[in-house]
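Visitor: As a plain string of letters, each chain reads:
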Amino acid sequence: MTETASKPGQTEVWITGIGLATSLGEGLDANWAALQEKRINVDEKGFAPYIVHPLMPVSFDSQIPKKGDQRQMEAWQRIGTYAAGLALDSAGIKGNKDILSKIDMVVAAGGGERDLNVDTGVLTAEAKGANAPGFLNERLMSDLRPTLFLAQLSNLLAGNIAIVHGLGGTSRTFMGEEVAGADAARIALARIASGESDIALVGGSHNGERKDLMVLYEFGDFNLKDKFAPVWARKDHAGFALGSAGAFLVLESKAHAEARGAKPFAKLSSVVADLARRKQPGDMAATLEKLWGQLPKREGKGAIISGATGAEPATSEERGFLKGHADFPVRSTGTMFGHTMETQFPLGLALAALSISRGALFPPNDSTGTEIEMQGAPTQIVVVGAGHWRGEGMALVEAVG
Amino acid sequence: MTAPRDKFGRPVVVVTGMGIMTSLGAGKADNWAKLVAGESGIRTITRFPVEGLKTTMAGTVDFVSVDPFSSTGLSERMAEIVTQEALEQAGIGAKADFPGPLFLAVAPVEVEWPQRRELGRAVGAPDFTYDDLLRISGGGKYSAYHHRFMFGSVAAHLAETFGTKGSPISLSTACASGATSIQLGVEAIRRGETDAALCVATDGTVNPEALVRFSLLSALSTQNDPPQAASRPFSKNRDGFVMAEGAGALVLESYEAAVARGAKILGVIAGCGELTDSFHRTRSSPDGKPIIGCMNKTLADAGMTPDQIDHINAHGTATPENDKMEFNTTSAVFGDLAQKIPVTSNKSMVGHTISAAGAVEAIFSLLTLEHQRIPPTINYDNPDPTILFDVVGNKARDARVTAVMSNSFGFGGQNASLILTREPA
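Same order as they appear, the protein sequences are chains A and B.
Quick note: the first sequence uses this note's numbering, first residue 1, plus one each step.
Quick note: the second sequence uses this note's numbering, first residue 1, plus one each step.
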């Protein structure tokens, strides 16, 4: 039902562009170098006791030249618009009006970056006795910046990408936390594989340095507190450390890529997703196992890139699933980049394609034995994305040829 | 007998179930009766104080109770009710076992003021910082709010309740969201991934901050008195849209699957199209090219020509810019026919249901095809002389309608159109 594996007669879909702006740096080389050095960028103080993986500062001007455009966005949109520009550059289509006028965009987005001063101002005034019926209305009318709404709307990440980079094809925004990133890739792949589309920009962005988001996740006690540990080593100290990142991919039919002489990083063979009920222990692991079975046969040198969050019980469920495939070396993006929510799955796809194109999986960074060394070049990488609360996605990225 | 495939060799996609809710009421029968009678669902807001607001009316759905109240909770409840109605009509699958995926258009979700105020009170001090709010948020006391304010929570609830298959997709393309949910369903069926899809769109976000946000962008009508006269599409004295709540659900099936199980076919989704506008965050490109391209793509997708469209269900928000732009772009696509094809805007009566509008208006378009009667555009007393549409003003009109184009244009350059027909082309 949700399977989009390449079928006979369907076109092969290549990943021809990758754009990354993360807590480890900007661009493929900087991220790759940090992964090789097992360098993790966490801030344990700025939001203490909560831990975040802050964005490595970038010069937004290079991808968002107009200051006016930058002012119209909040951080999550600037990060995403920036990373999307890097992906277009990487694919060699930046500024190519013929292609950008028809490119299909599928973006995974959250939204709602709030003005904390306005929120706190209203609440403290009410605590001090402000209780006129129209008090909230009046404060919001006078204190909210008119353009803030546009910086909050989920579909305005895609809107800003279209405006800044001149994209004139189609634009769809999927919401729904982690699995939205998998579904964005799933739908873009299905559309290209079936011939509905030739080329698509897919990805997401997230600003983890947000206290309003921490409140939301704190409701469910999901925030990692006090001390950083790799994702697999958080069993008795569960939680995720929010991360800031933008990750975008250019997906393209093989024919379209070849016609313009574009080289692939890898091919995206399949993306599958489901919604486990997660009522009983084992539900989620069973769904991951089902998705694993829906992927095309793995015969090459395989590995797994997991987006496990560190939150429980999801992370333990996923570890149980991974134990059943212990011959596949595992890497965790959550350990290295923090939890970037909607962006985690596109980030996993990007690192899978990068690992395949560079002929090596990046090294493990784990004390529990879940991640093991890998010798030689991976040819098939399974990307796993299980949401901290709901939603499971999986993809197979393969070497071309 | 009609061919199960369209002229491009794709499965024909039909509608076999519909459910609707607007400020006019619940269900197709009630909505249709009031719509053709020219009734307005717009009223002065009573859900929360309106002091200090420039706009004090909206098309609220006040007859559905949600406890504890939240806009997301109302969106979810409305979606559930319209889905139930659509499934009953379609008679598809078993209880809680819908044989296909869910595509849900839903307003972006965030923690809302009642919950934020609850936190503020829980701090228990007259002076505090945001960190104090954060500090008291954990410990499990508010764990229900985590689930409530996940973007995927409404879709997860519907998927579990109705047993849709696979990963439900929650989407936003602003005011075009409802149309996009239908488009995703059509594409999944055309690709042969599924024989059926559940497309739902819902929006229950008439709350103080949402109203303020649109107000600050000068998008809303301020003709508060009488509220029923506020939404004036195509009128000279239109001054903005009216926020509204509502939901629509459509069961889509391949023609072949619907016929095989003996389902009644309510209409055909003959074509869908979308085209993004990269001109501005809230305004259309002055040359209208993206909207023109969107309509042309939709005609091409349906394999139809402009002369085959005999009714347009307009986006018709009643903002000064939109209606003018819609006439100009429609003229560019339809030529002289733009002044001959009857046009109506449901938003004159139900207001702008934002994320739900595309689906709500697709359902009204299908009901128009069924009843061969076009609902009116009310408050059309002072026509804009530069908008030369044949507006179905104030009174419903009987007409031969075989194909309707329904348009949705939104913030962020989102344009989407649908063509709905009675029979497969």
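Take these hints with a grain of salt, some might be off.
[Said to hold, decoys possible] Lysine to any residue pairs mimicking SDA-like chemistry, simulated, CA-CA at most 25 Å apart:
hint, chain 1, residue 1, chain 2, residue 2
1, B, 95, B, 84
2, A, 66, B, 236
3, B, 289, A, 68
4, A, 102, B, 303
5, B, 236, B, 395
6, B, 141, A, 316
7, A, 102, A, 316
The hints are simulated quantities; they were obtained by calculation from the structure and are not laboratory data.
Visitor: If a hint holds in the structure, say so; if it doesn't, say that too.
Guide: Hints, verified against the model:
no.	hint	result
1	95(B) to 84(B)	10 Å, holds
2	66(A) to 236(B)	37 Å, violated
3	289(B) to 68(A)	24 Å, holds
4	102(A) to 303(B)	20 Å, holds
5	236(B) to 395(B)	19 Å, holds
6	141(B) to 316(A)	24 Å, holds
7	102(A) to 316(A)	43 Å, violated
The structure fails hints 2 and 7 (numbered hints given earlier, in ascending order).
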